[in-house]
Amino acid sequence: MNSKDSGMSGGKGGDVVVETVSRLMVPFIQLFALYVIIHGAGGPGGGFQGGVIFASSFILYVIAFGIVKAGNRFSEAKNTVLFSTGVYIYAGVGLLCIICGLAFGAQFLNYGYIPLTHHFEENRALGMDLVEVGIGITVMAVITSIFFNLVWKREGEEVEGED
Amino acid sequence: MIWQLDLALLFLIVIIAIVTITVRDLLSAIMLLCAYSFLMALVWVEMHSVDVAFTEAAVGAGATTAFLIAALSRTKRWEKK
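In the order they appear, the protein sequences are chains Z and P.
For the first sequence, position 33 (counting from the first letter as 1) is numbered 33 according to this note's numbering, and the numbering increases by one without interruption.
For the second sequence, position 35 (counting from the first letter as 1) is numbered 1035 according to this note's numbering, and the numbering increases by one without interruption.
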């Protein structure tokens, strides 16, 4: 397979309209995903939804440019590192809450005791955002990984049932 | 809540669900499932639970459809009789 393969199963050449539109759309989808993650504490949205939207921008990239070109950019090793990082951020913020709140009962994920600012409520909002970022990274990497594993053709595998 | 809109949406959802499980073309079934998810998201918005609607639109209509189409590209398109 050469790098000009387009479509999920490869084969046909790339379409200039699809490529141009998705090249324009992908950054805006990612910006919207970041907006959803950051505003998840105060409105609709959150880490999970933002992560899914971020992953759907990669799905659009795969549909437009083919799995080979996309798979070189997001390898399985990078995805594994990313989704471990997200879990570590989540658990790390929780442990930081326990450590900083030792004198106040040592509650897991009680964000108010992290000394980021001088106000308890602001600490709570900032800690919530940190946890949302962790959730978003994990969900994005896992959904991208599932999609790549579904689409990726292993070497020597024949396409069946194309009728 | 507007009960006329609710009634129309739920009626459409029931029709789409029945068609989804009876159609033989699996690609059509996937696209109908996508439409089902999207209408379901509209129903959630009608019920003032925007967060659930957001999840339904992102996961149900977006990611799940892509997953199912990717899975379908590995198998046959038409269901056996």
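Wrong hints could be hidden among the right ones.
[Claimed, not checked] The following label-pair restraints were derived from C-beta to C-beta distances:
# : chain 1 : residue 1 : chain 2 : residue 2 : range
1 : P       : M1031     : Z       : L109      : 18 to 28 Å
2 : P       : V1023     : Z       : R23       : 31 to 41 Å
3 : Z       : L34       : P       : M1031     : 45 to 55 Å
4 : P       : L1027     : Z       : T20       : 34 to 44 Å
5 : P       : S1028     : Z       : D15       : 16 to 26 Å
6 : P       : V1052     : Z       : L31       : 15 to 25 Å
[Claimed, not checked] Covered stretches of chain Z (chain P as the covering partner; in silico rule of three or more C-beta atoms under 8 Å from a C-beta of chain P):
# : segment
7 : 55-61
8 : 71-82
9 : 89-96
For the record, the hints were derived by calculation from the structure and aren't laboratory data.
Where a beta carbon is used, it is the ideal one built from N, C-alpha and C, also for glycine.
How the hints compare with the structure:
For the pair M1031 (chain P) and L109 (chain Z), the supplied restraint of 18 to 28 Å is violated, since their beta-carbon distance comes to about 40 Å. Restraint check, V1023 (chain P) to R23 (chain Z): a C-beta distance of roughly 35 Å satisfies the suggested window 31 to 41 Å. The beta-carbon spacing between L34 (chain Z) and M1031 (chain P), approximately 29 Å, falls outside the hinted interval of 45 to 55 Å. At roughly 26 Å, the beta carbons of L1027 (chain P) and T20 (chain Z) sit outside the given window of 34 to 44 Å.
One distance hint, 16 to 26 Å for the beta-carbon pair S1028 (chain P) and D15 (chain Z), holds here, with the actual separation near 23 Å. For the pair V1052 (chain P) and L31 (chain Z), the beta carbons lie near 24 Å from each other, so the given range of 15 to 25 Å is met. Evaluation of the coverage hint for the segment 55-61 of chain Z: fulfilled, as 3 residues show C-beta separations to chain P shorter than 8 Å, against a requirement of three. A count of 0 residues in the segment 71-82 of chain Z with a Cβ less than 8 Å from any Cβ of chain P is obtained; the coverage claim is therefore unmet, three being the minimum.
Look at the segment 89-96 of chain Z against chain P: 0 of its residues bring a Cβ nearer than 8 Å to a Cβ of that chain, fewer than three, so the hint is violated.
Comparing the model with each earlier hint shows violations of hints 1, 3, 4, 8, 9; every other hint is respected.
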